[in-house]
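Asker: Sequence:
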Amino acid sequence: MTVALSLLVHGEAVRFNRGESGQGNFDFKYMTGRDGKEYPYVSSQCFKRYWREALQESLSPITRATGAGGKEKNQAYTDGNPIQYIDDDLFGYMIAGAADTDDDKGEDQDAPDSDDKLLFEKENIKDVETLKEKLLDGSSASEFVLKISGIGEILRSKSSSAQDLQEAILQALNTALKNDELISLNADSKSKDRMLKKLKAAKDEAAKYEINKEFLKKLYGKQMQEKPKRPTTRRTAPVRMHALVAFSGIKTARDFQTFSRDVNYTGKNSVLNPNSPGIYSGWLKTRILIESHRIGKFYMGTNMDILEAQVTSQEIKKEKNPYSRVADTLNYVELDPKERKRRLVVSLQGLANIGNTQGPASGALHDGSLRPRAFVAGLMNCVDSPFDDVWKGTASDGLPLLDIAALVDVLKDWDDLFMKRKLYFGLPHELRSQIEESLKVELTTLGFDVLIDSPRKALLQLAEEALL
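Numbering (our numbering) for the sequence shown: 70 to 537.
Just to be clear, a hint being listed does not mean it is correct.
In silico BS3-like links for lysine-lysine, alpha-carbon gap of 27 Å or less [as the list claims (entries may be wrong)]:
id : residue 1 : residue 2
1  : K410      : K461
2  : K195      : K291
3  : K247      : K261
4  : K526      : K106
5  : K266      : K286
6  : K261      : K195
7  : K261      : K227
Using C-beta positions, here's what the derived DEER-type ranges look like [to be verified]:
id : residue 1 : residue 2 : range
8  : K387      : K259      : 52 to 62 Å
9  : E192      : Q383      : 23 to 33 Å
10 : K386      : L265      : 26 to 36 Å
11 : E403      : A270      : 15 to 25 Å
Hint data in this document are derived by calculation from the structure and do not stem from the laboratory. As the structure is a computational prediction, the values presented were derived from the model and not from experiment. Even glycine gets a Cβ: it sits at the ideal position worked out from N, Cα and C.
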């Protein structure tokens, strides 16, 4: 079952969603129509951010990926645990082969320094015994590693356990990669010269460690391996939506701003700091589809929603594989029906309460609300919406029109695709008073029950009556 909505928001002199600014262009997100006019829009990612924050639940922690030397990458991801976190369940995620170590699990007060992230770990050792023999082979590099770490006795002792050997070898390798003399022991003269030049040009200790680590990997490569990667998991969001695109009463302008408090406007020491951000007014429309049958249901395996290790107390079930012909069946788990229903209710309550905890960007100077100002919704037996074209824009600043004739026509066309023959209308008072009676008459004739109320109250009622 799918909750399908066509939803409107309204902005007056706002800039909800920043975009790239260029010569002669506005710095809010917009598209240029065939008529040459600018049509501002708010990305679905932006809107979902405020929707997520309106859920009033414990949200999935966000991790910023790091590279060599602990440097942050332009990549972030959530915990990817839809069993525990409702936002991972509703809004989806993708974690692509992240290393399965504590370093990748977000910030921790006891986490190692960034230099330590370059050190070898136990997962890098493929075979302790063969690496021990390699370190005892008498080569100048191996003798150097043993000498500066002082582990020769542990490696030669027959009473040393596998864990003792592993810890000693890690200590030796990590001590060696911090020593500037290591590269001078490279027997390959060309490689040695290249690495010495890189070492000399290194900007910091972390860069030097990386070069020494490269050399140690070359020496003991057959006995070592890259750290295992966490298998990729991805969840396509049960909550789907389009960008909110302006379609009615659109006006754009530039707001010329200066720092003008207690300073001279003219003269040698005047301070202006001119800035001219773009702003706009208008009604924006989007479609929202909530695939309620997918909430709280998670397929298991690589490139699926979750890994088997993430399953807690849920029963593992099987069903026909909807994604591939290679495997006939697919394992999945489901949360209990009460929790699944609760999450559906919370998602719609969050939509009704967007902005209760945090307003949109640029609120200090161009405050506005992304709270729904009007909507039409129904409960569908498909994963599509019939309501996309029932709103008609106008050139004026007034309300868009709800085209009852277009609505009646599409309801007849989609007649067999409704899970429940009830429609929900969240309308501002001005529009509600104009069309409520005629709307009820037309839809009752088609066999539909009708709920018409203010946008927030209608959404909260829809939340209670929505089905999985």
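Asker: Each hint should be assessed against the structure and marked as holding or not.
Answerer: Taking the hints in turn, this is what the structure says about them:
For the hint pairing K410 with K461, the CA-to-CA distance comes to about 34 Å; that exceeds 27 Å, so the pair is violated. Taking the CA atoms of K195 and K291, the gap is about 8 Å. The hint holds against a cut of 27 Å. Annotation: proposed proximity of K247 to K261 holds, straight-line Cα distance about 17 Å (limit 27 Å). Proposed proximity of K526 and K106 is contradicted: the alpha carbons are some 35 Å apart, above 27 Å.
Distance hint between K266 and K286 is fulfilled; the C-alpha atoms sit about 18 Å from each other, no more than 27 Å. For the hint pairing K261 with K195, the CA-to-CA distance comes to about 26 Å; that is within 27 Å, so the pair holds. Annotation: proposed proximity of K261 to K227 is violated, straight-line Cα distance about 35 Å (limit 27 Å). A beta carbon spacing of about 57 Å between K387 and K259 agrees with the range 52 to 62 Å that was offered as a hint.
E192 and Q383 have their C-beta atoms about 29 Å apart, which keeps the hinted 23 to 33 Å range intact. Range check, K386 to L265: about 60 Å between beta-carbon atoms, so the 26 to 36 Å window is missed. The supplied range of 15 to 25 Å is broken by E403 and A270, whose beta-carbon atoms lie about 56 Å from each other.
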